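Novice: One-letter residues, chain by chain:
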Amino acid sequence: MLLAILIGFFAAFSQLLFGKFMKGKLSILLGFVPLALFIFFAQYIPVIAAGEIVTAKHSWVPSFGVDLDLKLDGLALLFSLMITGIGTLVFVYTSAYLRNHPMLDRFYGYLFIFMASMLGLVLSDNFLAMFIFWELTSISSFFLIGFNNTNPDSRKSALTALSITGIGGLLFLAGGLLLGEVTGTYQISQMLSQNELLINHSLYILIVALIFGAAFTKSAQFPFHFWLPGAMKAPTPVSTYLHSATMVKAGIYLLFRLSPVLGNSDFWNNTLLIVGGITMLYAAFHTLFRTDLKGILAYSTIAALGILTFLIGLGTKESFIAAAVFILVHALYKATLFLMTGAIDLYTGTRDVTKLSGLHKVMLPIAIAGGLAAISNAGIPPSVGFLGKDLIYESTLHFRHNAVLLTTLAILTNILIGYAGYVAGIKPFIGRTPTGLENVTFPHPAIWIPPIILGVLGFIFGLFPSLIEASLIKPIVSTTGVSTSDIHLKLWHGFNTVLGLSAITIFSGIALYFIWKPNSSKHYFIQRFDILSPKFIIETLSNWFQSFSDLWTRIFQNGYLRNYITVIVVFLISLVAFTLLNNTTYQIDYSSFSKLTIYEVVSLCIMILAIGFAVFTKSRLAAVAATGVMGYSICLFFVFYSAPDLAMTQFAIDTLTVILFVLVLYKLPRYLNLSDYKTRIKDGIIAIAFGGLISILALEVLAQPQNNEISAYYAENAYVLAHGKNVVNVILVDFRGIDTMVEISVLAIAAIGVFGLLKLRLKSEERKQQ
Amino acid sequence: MEFLLAIMTGVLYAAGLYMMLRRSLVKLIIGLIIIGNGANLLIFLLGRITKGAPPIIPGDTKFFADIYADPVPQALILTAIVISFGLQSFAIILVKRAYQVVKTDDLDEMNTIEEEV
Amino acid sequence: MRTLILKTASDYLLPILLLFSIFILLRGHYLPGGGFVGGLMASIAFVLHAFANGLKDTKKLLKFHPGFLMPAGLLLSFLSGLLPVILQDAAFMTGLWLENPIPVIGSIGTALFFDVGVYIVVLGVTLTIIFTISESA
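First to last, the protein sequences are chains A, B and C. Per our numbering, residue 1 is the first one in the first sequence, and the count goes up by one each step. Per our numbering, residue 1 is the first one in the second sequence, and the count goes up by one each step. Per our numbering, residue 1 is the first one in the third sequence, and the count goes up by one each step.
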């Protein structure tokens, strides 16, 4: 199973190497990769249907508890089949849709990465591994939305989507870590038994809020929904695949998966009900005001996601069945509608629903697919959509309280969604063909076959619900921990309330379609309310944030070296001074210090003079000479205090530095006094404070007892172990030899740097001059 | 003496920092050298200074019989001195190249020229 | 600085200083000295020669670019660390010594070769920097 995930990454990588060859007509062959995976997962259907769970364990970073524990159960299987199945169709579709696109190889690469990470997401049983795949889907989605990277709108939408889902990813990580802390495991299957513990834990609310944040951002729930319509800037195959069928359902997947772990509490259920309810109604209502086909579909997708959240929030067995069926139903018809939209866009050059009509004459197969999808979307029998809608009403009607309100909500949403389906799936094809659209070329088979397949599947599953009942729906519902023996899907339940409600929904939808015509003035009307929308609010917030960081950068990252130094040093001074003032007693034990001798005092005086001269002189040469003198006096201290090796090295280096300086001095700029008097005083005060602090620190450290363990070890073993008597040298070449090895490498790099800086640049400049 | 050396270290740090805060490039490098020396002296001082007892095992013995200066800070400083030579020469050359290209010694002016180059 | 006296003196000073630097290098294990100081002494010797006779003469004397000393020295140091790994299957940089000490130099071991490597690298680095700078200055 791990291989199934990795294949996608390998395939993505191979695009880098062989992409050039695959760009042309061969690109359709790439569809075999997801197809093979689809067949691979389809093999497991009987196994899963028998109630088994397939697992595979691979340790990854065991020290952090990150393991690739893969688990294939009903829920994971449904998603895997959707990812690979719709993936296959999308891959084939893309080969025609983006034919001869110069970056087709890159596009396929991103798609492969997405497919692999989405598979990883649904298959992993470990929360942290799941997080990594979760983020990978966000990242691949970013690249796919921004695929038309020359278009600023695309880039902006991609960035919005990434920041929203990225924030969600962080919440996911935080929630997952807390969950791991509380339960003591990162494995979701092991958390299942700890539902009681979690609900009564003090962190429960926080964990659930974090997980909700992750799920709502990913699945575009109100008020984070706005990135999804923006994401429609992506090429249509991407919208089909990521933003309706699979990726946006990752949040739903997470909620579904965690329902038995975190669910069964009022907080969990009510929040989901409210958020899902608001989302579905708000988004469904918005479809009335859109004229762009993809815009309509985007909002109806958000509404569908809202329904799913809502169903999970109900938390009853009926609602889980309804959710499981609706995930599949929605994937089938919405993918069809998107593919159909892509075809219309590709061949007519417009997606404006007000300009499209009568297309059945020129693209009949697309019209058929659109019609099938619209029927399934509206829930007209015998499509699988009918089944899905029935189950939704069933679960709301039988809910413990507020059944009427909830059912009304669901009906309203479904009417609006049904309307959106008619507008998108039927309207462009019926009526009179406008001039200009009569001569549209007949679509390529790779364009019309995939939507037809999906559309027809919607009807097959509707007519024969037993096909999915035992194989998919039962195992999915069983992942929530309820018994599944009495589940029985059927199209015809006889004349009852649910059927009546269905009829009301369908006919109201049709009536709405005939009464309400989408046009651009309605679109502008709704735009006036943009100022109240969450999108506007969050964008304003992010603008504030940006201005704040601009200001911050201008103040602190202003590019002036000395300001950086000043800030750092002043901060350091205040920090250390604060500690020193509070925690230290100034007791200097003069008796432990060695006595002064006259030659020490003399060399100190020389040094002070040299430093003063180096700082205040106006001549460069004098300053260099003064630093030289300073170095030699330090050398003298090394001699006084038994460090002959240091004295020798310091002497040699000092000589060389002075030589070096003298060699380049006249190529260097003249000394200038650029600062005014005030700045110099200010800098002087900072410098003196810093120096004083260092002195005090040094004295404080000297007053502390010293730990000589390491030195003693080296001293005792220098001759015994290393056959040397000069301990300093023994440390350098033997005890700490590897450090020295690295050090001489650094030296060599510095020399190469100097050489490169002087020689190589000069040569290229010379070449220019010639 | 330790007291005076501690003060000396402070003076080195102060002088180095003051030079680094100047706008002139050459002063920046001199400041860097002075602060480097200050750091060496600080490490040396904090390793406790000992007179007349270099960390060299005398004559035919295999161990130290008497007190000896701490060899570890000495080894540290020795490498620091050599490395600082590499650093200084690189910095000097960098300044020289920068001066050749932008024709100014003023760090502030360099900031504005950057974009044009 | 090309005075006759310095020029004449540097002809003798170069071998003497080089010899002295090697002496410093070799005695490093027992007395103050070692690869770093030795390498610096040797480079001062060459720099002095260059001041007296001009860079061209010194380069002619060296016959190759001092930059090549750096990889050579690094390789020597590395191999001396690698030797115990090959010979005795010990850890990298384990010290190995000959049984009997040799007069003046003392015990010969891998640490000595390592120090020689340091000497060569330091010499190479210093000369490369100084030569490059004086050439382009």
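Quick caveat, the hints were computed from the structure, so don't treat them as lab data. Heads up, a few of these hints could be off.
Claimed, not checked - Straight-line Cα separation of at most 20 Å, SDA-like style, residue types lysine to any residue; simulated pairs: (1) B:LYS51 <-> A:PRO705; (2) B:LYS62 <-> A:VAL601; (3) B:LYS51 <-> A:PRO46; (4) B:LYS51 <-> A:ILE659; (5) B:LYS51 <-> A:LEU636; (6) B:LYS62 <-> A:TYR713; (7) A:LYS618 <-> B:LEU32; (8) C:LYS56 <-> A:VAL601; (9) B:LYS103 <-> A:TYR719; (10) B:LYS51 <-> A:LEU663; (11) A:LYS682 <-> B:ARG23; (12) A:LYS759 <-> C:GLU135; (13) A:LYS759 <-> C:LYS56; (14) C:LYS59 <-> A:THR497; (15) A:LYS595 <-> B:ARG48; (16) A:LYS759 <-> B:LEU32; (17) A:LYS618 <-> B:ARG48; (18) A:LYS667 <-> B:PHE90; (19) B:LYS62 <-> C:GLU135.
Values in this document were obtained by computation on a predicted structure and should not be read as measured data.
Novice: Now tell me if each hint is right for this structure.
Specialist: A quick look at each hint next to the structure:
no.: 1; hint: B:LYS51 <-> A:PRO705; verdict: 19 Å, holds
no.: 2; hint: B:LYS62 <-> A:VAL601; verdict: 36 Å, violated
no.: 3; hint: B:LYS51 <-> A:PRO46; verdict: 87 Å, violated
no.: 4; hint: B:LYS51 <-> A:ILE659; verdict: 32 Å, violated
no.: 5; hint: B:LYS51 <-> A:LEU636; verdict: 13 Å, holds
no.: 6; hint: B:LYS62 <-> A:TYR713; verdict: 13 Å, holds
no.: 7; hint: A:LYS618 <-> B:LEU32; verdict: 18 Å, holds
no.: 8; hint: C:LYS56 <-> A:VAL601; verdict: 45 Å, violated
no.: 9; hint: B:LYS103 <-> A:TYR719; verdict: 56 Å, violated
no.: 10; hint: B:LYS51 <-> A:LEU663; verdict: 37 Å, violated
no.: 11; hint: A:LYS682 <-> B:ARG23; verdict: 14 Å, holds
no.: 12; hint: A:LYS759 <-> C:GLU135; verdict: 9 Å, holds
no.: 13; hint: A:LYS759 <-> C:LYS56; verdict: 17 Å, holds
no.: 14; hint: C:LYS59 <-> A:THR497; verdict: 103 Å, violated
no.: 15; hint: A:LYS595 <-> B:ARG48; verdict: 14 Å, holds
no.: 16; hint: A:LYS759 <-> B:LEU32; verdict: 25 Å, violated
no.: 17; hint: A:LYS618 <-> B:ARG48; verdict: 37 Å, violated
no.: 18; hint: A:LYS667 <-> B:PHE90; verdict: 15 Å, holds
no.: 19; hint: B:LYS62 <-> C:GLU135; verdict: 50 Å, violated
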